[in-house]
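Residue strings, one per chain:
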Amino acid sequence: MEPVITLQHVTRHPSTARHPIVNDLSLELHPGEILVLLGPSGSGKTTTLRLIAGLELPDRGEIMIRGVSAAGRGRALPPEARRVGMVFQDYALFPHMTVNDNIRFALHAYPKHEQPDRINEALRLVGLTGLGERLPHQLSGGQQQRVAIARALAPQPPVILLDEPFSNLDTALRDHVRSELRSILRTAQTSAIIVTHDQAEALAIADRIALLHEGVLHQIGTPEELFAQPCTRFAAAFMGQADFVTVHRNGQQLSSELGPLQLHDDHVACYEQTCILVRHDDVSFEPNAHHPNAHILERHYEGPMYHYRLRLQSGQMVSCKLPHDNKFDVGTPVVVRYICTHPLVYFIGENARSVATPIAL
Amino acid sequence: MADWQIITGNTRKPPKVVWIIALLVAAVALIPALYTIIRAVDAIGTTPLPPWPLLRTLIVNTILLAVFSAALSGIIGVTQALLIERTNLFGRRWWRIVVALPLAIPPYVLSMTTIALMRPRGIIERWLVENTYATYGDIPFNLLFGLPGSTIVLALCLSPYVYLPVAAVLRQGSNHLSEIAQISGASWRYRLRHVTLPLIIPAAGGGMLLVMLYALADFGVPALLRLPTFSTAIYGRFTGQIDRAGAALLSLPLIIATLGLIILEERLAGRGGAQINRSWRPQLPHALQGWQLPALSVMLIISGAALVGPVSTLIYWSMNVVSASELASRVPLDRLLQIGTGNIAFVAFVATLTTALAITPTLLLRRGGIAGTLLARISQAGYALPGVVVALSIVLVINQASPWLAGGLIPLILAYIIRFLPQAVQSLDVAFEQIAPSLEEAGRSLGQTANNVIRQIVLPLAAPGLQASWALLFLSMLKELPATLLLRPAGFDTLAVRIWMPASDGLYTAAAVPALILLVGALLPLALVLRNQYQRPPQQPSVEE
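As given, the protein sequences belong to chains A and B, one line each in that order.
All the letters of the first sequence, read from the start, carry residue numbers 1 to 361 under our numbering.
All the letters of the second sequence, read from the start, carry residue numbers 1001 to 1545 under our numbering.
No lab work stands behind these hints, which were simulated from the structure alone.
The beta carbon of each residue, even a glycine, is placed where N, CA and C say it ideally should be.
Restraint-style ranges between C-beta atoms, simulated for each label pair:
(1) A:His176 / B:Pro1460: 32 to 42 Å
(2) A:Ala172 / B:Val1430: 33 to 43 Å
(3) A:Ser69 / B:Leu1374: 25 to 35 Å
To be clear about the criterion: a stretch of chain B counts as covered by chain A if any three or more of its residues have a C-beta under 8 Å from a C-beta of chain A, and this derived list gives those stretches:
(4) 1441-1449
(5) 1457-1464
Selected chain B positions facing chain A (Cβ under 10 Å, derived; list incomplete):
(6) Ala1436
(7) Pro1437
(8) Ser1438
(9) Asn1452
(10) Val1453
Just chain A, same shape as in the assembly (with noise of 0.2 Å):
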C-alpha cells in the first residue's frame, strides 16, 4: 500500500540557528499505522510534525502526503490545503465557540445540510454526544482535549497529528485517555503520528516508534525492537533503565563480572574490550557472603518491587527489580547473574552492535 506520508531527506534548518533543528530525516507513515516520533525535548520532534502540517517549510528534502508533494524543492501547499489534521498541545479550541462551531469551523468544505450529521458523527465518536452547545471554558481538560481531537477527525482527513497529547493530563486520567485514543483512532481508521517526549507512553501506544535525537533519526521500528534491540547506546538509555556493563572477548565467547556469553557473529568481535547493555530484568541476585560478586548501594521501594542499585567489585553498576518480599538492607553482599536467555545487546563505541546470548551455568 500507498505510504500515507512521506519524508525524504527533509532538514529544517533556519538562518537563527546554528545546527539544523531536523536534520536529513526520512521515514513512511503507513496506512492505519500510529507512528510514534519520540525524543528528549529539543530534538526536533515538534518541528517534524509541524514541517508535515505545512506550519513550516523545510529547508531540503521533500514531503508527499498520499503520493502528492506537499513541501519541496521551493514550493508548498499551504495549511489548508493539506487534508492534515492537527491536535495542538494546548489543543487551541477557539474561546469564543461553542463546542459545536468548534467542529463546524472544520467542515467548512461539506454542504451545510450534511454538517450536522458530521458534527454528531464527530461527537459520538469520542463520547461527548450533548455535550456540543457547550463552551470550551465549561469543559474539562479531558474533555476538551476530546473536542480537538473531534475536530480535527472530523473533515475525515487520512491522517491526524498530535502534539504531546497527554502532557495536560493528570497521571490517573493519562491512561485512560491512551487507550481511549487508540481506538478512536481504529474506529476512525486514520493514521497518526503522536510527539511525545514519554519513552513509556510511546512503547504503549504506538505502532512504530521513530527515535529523534538533536534533529537525527536514531532508530525506527515497532516498540519491542527499539526496547530490546536499541541500535546506539543513546537509544538504549532512552528507552529504559539501561546499565553497560565490560565485556572481555575471549575466543568465540566473551567474558564478563556477571558471567559468560556467546557470540553469534564474529566479524565484529575483533576488538578486545566492549560494552553490554543490561537491564534490570535480564539480571537477578541473591545474598552471598562468602563469594560475592557486588554489594547493595541504594534501594528503591516501588510499590510492588524493589528496586536495588548494585555496585559491581570492578565500580560499576548493574539495576535489578525484586519483588516486595525480598528486603535486603544496603551493604549486603550479593552475587549477580544473568537470568535472561534472550541475547543481549553489546556496542563498539556509541553505534555499532551485535549480540550475545549469556551461556547458562
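Starting from the known structure of chain A, fit chain B onto it as the hints suggest.
What follows is chain B alone, placed relative to chain A:
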C-alpha cells in the same frame, strides 16, 4: 487539492489585501510628516530663527516641562499603584477607579480651574485673607504661572498613564518572587527596593515616557499658564504671524526630540513586565496600621487636586453668574448640547475609522516579517508629530496638493487619524498578542484560508481589545485641542473649542458648562477602558481539570 502556492515565511503571514491597505495607511501617515520636514529643511537659512534668548527659553522650558511632569507623574502613579495594589488602604476598590478618572479631564480644563483657585487674588487667597490673618502676597501664589504650575497640572492629569501599567504589573505579576523574599526573611522595605520596584520599573518607565511625549506636545496647559514652549511658539507663528515656513522650522527640533523619546520607548517596551501563570493567587496586602491615615491623606490630596477641585469649581461656575460680560459670552445651553452631541458623534465616527484603519498595520507588525514591521512603523509616523505640527503639516500638504479639500472636515479627520493611529496600533497589538498562535495555526490546518482565520478567529477574539482601543481613541479625540482649533472648518464647533475660546480670554465661567458636558461624554468610554483594564478578557480556556 488547492492551487500550488509558493510560501516562504510563517503561516501567520497576512494575505495580500492586508498589505495593500496597510500600504495606503502608511502613505497617509507618512506624507505630511515628510513634507513638514522637507519644508523645515528648506527654511533653514532663508527664514530667520527667533532671537537666541527666546529660542533658549523655548528649549529650556520645553525640556524642563517634559522632564518634571514625567518625574512628578511617575511619583504620583507609582505611589498610588503601590498603596492600592499592595497595602490594605481603606477603600482600595474605589480608589482603583478614582485614580484613573483624571484621564477624562483635559489638562487645559484643569489649568483653567487651577488658575481660578490658586492665582494671586484667586478664590483661595481671597478666602484666606477674609477668614485668617493672612494678607495678600503672604503666600507666593504667583508661582502658579510658568513652570511649577504647568508641571503640577500636567502631572495630575497624566499620572494615570503611569498608574495603569504599574498597577497591572502589580496585580498580574508573579507574586512568588515577593513571597519567596518574605519567606527568606526580608523586611518589607527590602522587598520593596529589591523585588517590587525592579519589577515595576519597566512599566513605570514606559508610562513616564508617554507623559514626556504628551508634555512635549501639549499646547493648552503652557498656553493658559503662560509658559512659552515650542508648541505655543509654533501655534503663535502659525496663527498670529501666518509664517508657515517659520512654523515648520520650529517643528523640526520638536519632531527630533519626540523621535528620540519614541526610540527610547521602543527599547524599554517588552522588557520585564508581568508573566501570568496559572497558579496565580492574590498577594496578602501589607498592613498599613498606623500609616493608614497618612496614606489616605496623600490619596485624598492628589485626587482632590485632580478631580474634586476642578469638578466642583466647574459646577459652582455653571450655577453662579459672576459678571455681566461673562454672562454675555455664554453660549445658550441648548446650543451647547447640540454642539456636544454633534462633537460626540463626530469623534465616535473618527475613532471607529481609526480603529478599523489600525487593524492592517497591527497585523503586519509581528506577522509580516521585516517589511511588515517597517510598514507598521511608518504608519506610526504621526506619533512623532505634536498636534500643532500635525495640523501644520496637513495645511501645508493640502495647500500644495489639493487646495479644494481645505475648508471641509477632511483635514480635521486626517489630523485625528494621523495623530492617534499609533495609539490605536499599540493597543491593538497588545490585544492581538494575547491570542495564542496555536489558535491561528489550528484554523489554517483545519482548512481555512489566512483571510478567514483573521475574520473568524483573530478579530472576534480581539474584540475586547478593539473596544478598549476605540474608547481610548474616543477620549483622546474628544480632548484634542490644537489640531481642532487650527483645522476646524468655519461653523464647526467642538466642546474643546467652546471651552478654549472663553478660557483663553480669561472668561472661565463661560467655559464651565461645555467642560462639564465634555466630562459627561468622556465617562462612557472611560468606563470601557477601565473594564478592559480590570477584567481580563476571556482567553484560551485553562487546560487544567
